Amino acid sequence: MLNIGNEKVRLCEGLTRRSFLTAGTAAAGALTLPTFFRFQEAGAADAKKAKIRNCITLFLVGSPGQLDTWDMKPDAPAEVRGKFKPTKTNVTGIQICEHFPLMARMMDKVVLIRSLHHKTGATHENGQRWMMTGHDFNPDSMKPHIGSVVSRVFGARGDLPANVILPGPIGNTGAGPLHGQTAAHLGSAHEPFFLNADPASRNFKVGDLEVPSGESQSRLDARKRLLEQVDELQKFNEARAVGEHDAAYQRAFRLLTSPEAKRAFNLDEETGKMRDRYGRNTFGQSCLMARRLIEAGVRFVTVNHFDTVFGLSCWDMHADGGGLNNTYYDYERFLCPQFDWAFSALVSDLADRGMLEETVIAVFTEFGRTPRLNGRGGRDHYPAAWTNFFAGANFKGGQVIGATDKIGSRPIDTPIEPPQMLASLYHGMGINLDTTMMPGPGDRPVRLVEAEPIPQLFK
Amino acid sequence: MEQKFDATPKAELRLRGRTVTRSDVANDWGLQLRWVVKRDGKVIATAPARADAAYEHSDTTPGKYEIELEMFKYVNYAKDPAGEYTQSKFVVISNTVTYTI
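Read top to bottom, the protein sequences are chains D and W.
Using the working numbering, read the first sequence as starting at 1036 and increasing by one per residue.
Using the working numbering, read the second sequence as starting at 11 and increasing by one per residue.
Source of the hints: derived by calculation from the structure; they are not laboratory data.
Selected chain W positions facing chain D (Cβ under 10 Å, derived; list incomplete): (1) D16; (2) P19; (3) D62; (4) A88; (5) K89; (6) A92; (7) E94; (8) S98.
Just so you know, these numbers come straight off a predicted model, no measurement behind them.
Just so it is clear, CB atoms sit at the ideal spot from N, CA and C, and this is done for glycine as well.
Model the full assembly from the supplied sequences, consistent with the hints where possible.
Dropping the structure here:
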């Protein structure tokens, strides 16, 4: 158990009823406020000048331990350094875990940030909200997902939504339903589009893109015209909120009828070799789809590596012998190889297509894991230090920003907090953080994130 | 959502001298891939096979050597008290090549 404010919240095992009710009510209230769309955007963004045109975020739900992956401490005591050994990379002086041999060969394209930390509770949800919104949890003022902000600022290119999350939303990770993957006050038109299907499945189809059986295209068109007439009537009485609803409806219809959109989601257009290159599994095929979507015009794609931490193999390595029984075996045989294979395929595929120069891949997690192994050989939640990284666009690869102490327990050089990561992405995408505002408490315009970009990141 | 692993991975091994070379893996699950070396029917070594397509086992003790490629097959995350998988396991995904020293 831990406290968020004066609320008792369980870690991983579940959620108190009172927390759930409080959070749920707050979220519902946030969506009905009438002043969501008062953005102050004059001169706020210029996509043409931006070095980063697209972003793919790989979100590792559960969170790998920094000492077992990208911030190894081979000289630390055994109960700290863990089971794995470091391996050299193609950048002199940078070592990572031996179970990322393919990533090690492309370290010149990767910038590791080894001094990430946050100062709030060690729940998965806190970390998710920090890394996806750039803000701490505030039930009175939910903040939008970074992709929704990008959608709001730049809009969609073509018939595809600007912000897509694959393969589906984050579900139960123990301490509440608020994971930072909504548009919040930006409105339904900027909600992420969730695939809600498994692209690695043999019978994969994008449910939302299929015309329902028994519906012909002409009948669908007729229904759309009728709905438009009804909407026109409604617009006499309701103004802005209906406009946003209408935008979301139009988006859904475009997805349903657009050949371009259907093609973007159709992995059958890829060769078998290409599908193998990413890995024939949910994460790998989601990464491949992310590349297709970016190629087709989507600006921001998030791939959730797992949607829960309970009862399956994932990064949440408590080794508790029960429902959170991920161990070094999961890392060695499943998680590290799966990530290594898909990540290296994504980087090299984007590079092969000339897309890496304008696309950044962000690998984000919720927190780090305890420097000392617990009594069962696992590691527990630890937000005081962890490593995330970027590759691509005008981020300067082949470098490490920040450092932790001898046991990976705290930053000792260039401490970085989550809002700085998002500020860097916004800045790279051409969004002026001083002039792009969103509604804050009492409708006062506030900055997207209260942080500055990390200057060392950029070429 | 559990990760889905449809299809069955397969690779072909070829031997030149003592160096074994693998093809790309078709229907690759993307999980841990390893060389398994047996001498006179007993496993004597395993080695990572993901990063490189060729492998030469350094041991020259006389005997009949067999080399295969294995990939980890995730079935579910059930584990024993020591944290080892009980149902998920390595499976052979290639032909076997043999040589004698």
